[in-house]
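Student: Assemble the complex: chain P is given as a structure, and chain E must be docked to it using the hints.
Those protein sequences? They're chains P and E, same order as listed.
Residue 54 is where the first sequence starts when you use our numbering, and the numbers rise one by one after that.
Residue 54 is where the second sequence starts when you use our numbering, and the numbers rise one by one after that.
Treat the hints as calculated values from the structure; they're not laboratory data.
Any given hint might turn out to be false.
A pair holds if it fits inside one copy or across any two, identical chains being indistinguishable in the list.
Stated by the list, open to error - Calculated pairs, EDC-like style, for lysine to aspartate or glutamate (alpha carbon to alpha carbon, straight line, at most 20 Å):
| no. | residue 1 | residue 2 |
| --- | --- | --- |
| 1 | Lys179 | Glu91 |
| 2 | Lys136 | Asp191 |
| 3 | Lys199 | Asp96 |
| 4 | Lys97 | Glu60 |
| 5 | Lys136 | Glu193 |
| 6 | Lys70 | Glu91 |
Treat the numbers as computed from the prediction; the structure is a model and nothing was measured.
Protein chains: 2
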Amino acid sequence: MLKKLKEKLHKQIPLTKYMQISPEEIKEDKLITTAPIEPNINDKQTGFAGSLSTLVTISAWSACYLVIEEQLNFKDTMIAVIKSDTSYRAPVTKNLYCETTMPNEEEIKRVKEKLDSKGSASLRIKSQIIEDEKVCVDFEGIYVIKI
Amino acid sequence: MLKKLKEKLHKQIPLTKYMQISPEEIKEDKLITTAPIEPNINDKQTGFAGSLSTLVTISAWSACYLVIEEQLNFKDTMIAVIKSDTSYRAPVTKNLYCETTMPNEEEIKRVKEKLDSKGSASLRIKSQIIEDEKVCVDFEGIYVIKI
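With the rest of the complex left out, here is chain P (with noise of 0.2 Å):
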């Protein structure tokens, strides 16, 4: 599931390829995605903001699609980012590793409520980019879902 997803993101958005972000495994209630400091560093030898800012925005992305197309199993959806905040606390000095929480099981069931009776549906999505047990990125976005 997540290879295919892999596969999904990097044959479409070039972006995601270049920067090498990869899905690893779900954890608990935690999706765990990362990505190589290499392609994303900046000029401080730091990882660069907009890196940074995309690997937790396609994660939380991620996180949605798992469970609208794989899970709910529906297909096709148009999942979209409509709103994210976004505090860089601590520099990354090391390869990105970043924790998305997945939605629980009462989101999960008043989305697809939602999704059935209205055709569209959103969720907020909180990931972290951690290094060393510290918190360098919190971001929480706001996805659209429609059917």
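Tutor: Here is chain E on its own, set in the frame of chain P:
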């Protein structure tokens, strides 16, 4: 000045080169930056949210950099985004065109005083991606500067 900035970005931040981000001109109080759609496309054949986010984030950083390093002549400063809010209002379907509002005289005076007295300051910068006179992306970032 903008040619030098473009060379710096492309040399030091590989993602900006891949995206072909280009600082084009300063028109009245706006810094104009652009990027072609091709390397920045998504699965819906519109501008990828990660690319849009990266373009506004680095464009607002560039506005800070031009004020601090070119206009005020501080050198080798640390300029970093610490917080950003982004609204994605409409899909981008053509080459990316971004307008960033340069800090005004009063803000520049305040920042210079802060840097001279404390060695650090912050700037709040607005940036928009526009297509056919419609605002597609609205961004505001807070940048800290240290000398």
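Student: Taking the numbered hints from earlier one at a time, note which ones the structure violates and give those numbers from smallest to largest.
Tutor: 1
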